[in-house]
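Just so you know, the sequences run in chain order Z and U.
My numbering applies: residue 492 is where the first sequence begins, and numbers increase by one.
My numbering applies: residue 697 is where the second sequence begins, and numbers increase by one.
Quick caveat, the hints were computed from the structure, so don't treat them as lab data.
Quick reminder that beta carbons are idealized off the backbone N, C-alpha and C, glycines included.
Chain Z stretches covered by chain U per the calculated footprint, using a threshold of three residues with CB under 8 Å from any CB of chain U: (1) 582 to 590; (2) 596 to 609; (3) 787 to 798; (4) 848 to 855.
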Amino acid sequence: MKTLAAAMVFLGAASLAAQDAAIPPGAVNINLPDNSPLALKSFSMADSRAMARGAALALDLHMSATLVNNGSRRIHGVTLRVVAQEVTLGGKGSVTYPSLNVGPGESFQVRIDMQLMRPSQVIGAPLVQVDLDGVLFQDLSFFGPDRLNSRRTMTACEMEAQRDREYFKRILAQAGKGGLQRAMLESMARQSEVSQLAVSVKRSGRAVTSAAIGAEHEAEFAFLQFPDSPVEPVKGSARISGNEARTPLIEVRNKSNRPVKYVEMGWIVSDPSGKQYMAGSLPSADSDLILPPGQSARLLQETTLNFSAKGQPVNVRKMVGFVNQVEFADGKIWVPNRQNLDNAHLLNVLPASAEEQRLTDLYRKHGPDALVAELSKF
Amino acid sequence: MKHPSEEILALHAGGDLGWVARWKTARHLANCARCAAEVAANARFRETLPELNQTPEVPWNRIAAEMRANIRLGLAAGECVRPSGRPLRDSPLFTGARATLALASVLALMATGLMLEGPAPRMARPDEPVVQATVDGIQRRWGDQGFGLMHSGASSVTYTVGAQGTLGARYTDPETGNVTMTKVYVE
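Could you build all of it, start to finish, from the sequences and the hints given here?
Listed below in structure tokens is the structure:
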């Protein structure tokens, strides 16, 4: 591993005794492997500050870097792993840039904004460690340690991107630029109407205390079935109490003729008025699941989810599940097609894919010609 | 000009000062840009810790009513054990057990009031790590420690929740134009 930017920095108690102090770039380590297809071209931490707030220390970090593609293949996604273990125990995150299209020798800018808070001052060590977790190429090959399963995440994003680009290209071919414009306007309207929940997640037990919590009961999932899905949900339930859902459990069966190693269920909840929200996803456990053809497995997570919207608790009345993602043992990924989502009216409940979001942003800012030019690149 | 201490400013930002101290601090802030900026910074800081603002309201009226009821109950109990042959109007107003009971009740009322109105900040301390969305980011909180990935300035942020204990945000970075997906982990 090669340390590209910066070294260990000593931010002792003395330097942070001041109420507000700048954080030097050396407070962040960016590690890219020697054989990485990415190289660091520039790095900045302008306006990053450490602030004493009573007995606590708040760190406001604004990192900006330019990365260059030193390899020979086009890059379609990058995931960085961000760890602040020395500052906040267990503080770990990731930043993924899907929907990239960076050719050999080309560069692109990434930004990471962080806020760290701890009760006392930092005595030493770098504040933040940024490592490369993975790079996804145009041909879906991958480079990186993949400690955060970024290969699966970025491949699924890429599959969705290919699906949605094909959809809009087909509209362009069939209905011209006017048809594409209508499709963009419909997509923007849909995106603005999707209701979002504020969800807090806790590993076990009940999440944040809420006035809406009542007696706990077992609620069953209803399922949406997709004809071409390699996996089918069989049954499922969760413990529901007011606006909290605990220990969701879904049994699935592999109806394909290939072994499956990962399944992710989408989870929709309805409030008492019937309004539907995308609550989250229920993945199989990280430890490798191998589900042979015809066999069943249970997806169980010992977590508690607390739902609210606009500051008010959202009581769970109904739950609907659907297969959102399947990874086969050979690493190939299945995602629902647009027809499946449309038939099940899920397009009005689910957020748009990263690629659809990017394309509508492009249309909004630069107009239909820029969108047509972008679609023609793929 | 004598400036309020940092602790006073932090308590003022959280609305945790008593009314006299609050009034004095507000008067100072009206004429001191430096302290006003400090209070604003503290207020912003509190926004990243939503549970600081989730302290349940103290039901003062109910507490006062319960204390008054307890005092009445004590007086009534004293009346019950009073020898029946002795007329009430013959006994002095504040003597013996009745005076002790009344004094103890008043002291208890004052002690409770001081304890609840005291200047110590009331911080909710989650006993387990929690991941949640904040005003402009997603964060993992555990006790006094926070780890947040921010998306300041981004519009149309989509949140994704993994039941295994993750929270993600997806947005278009207003500076780079890249779709960006951040994720924090409970463990």
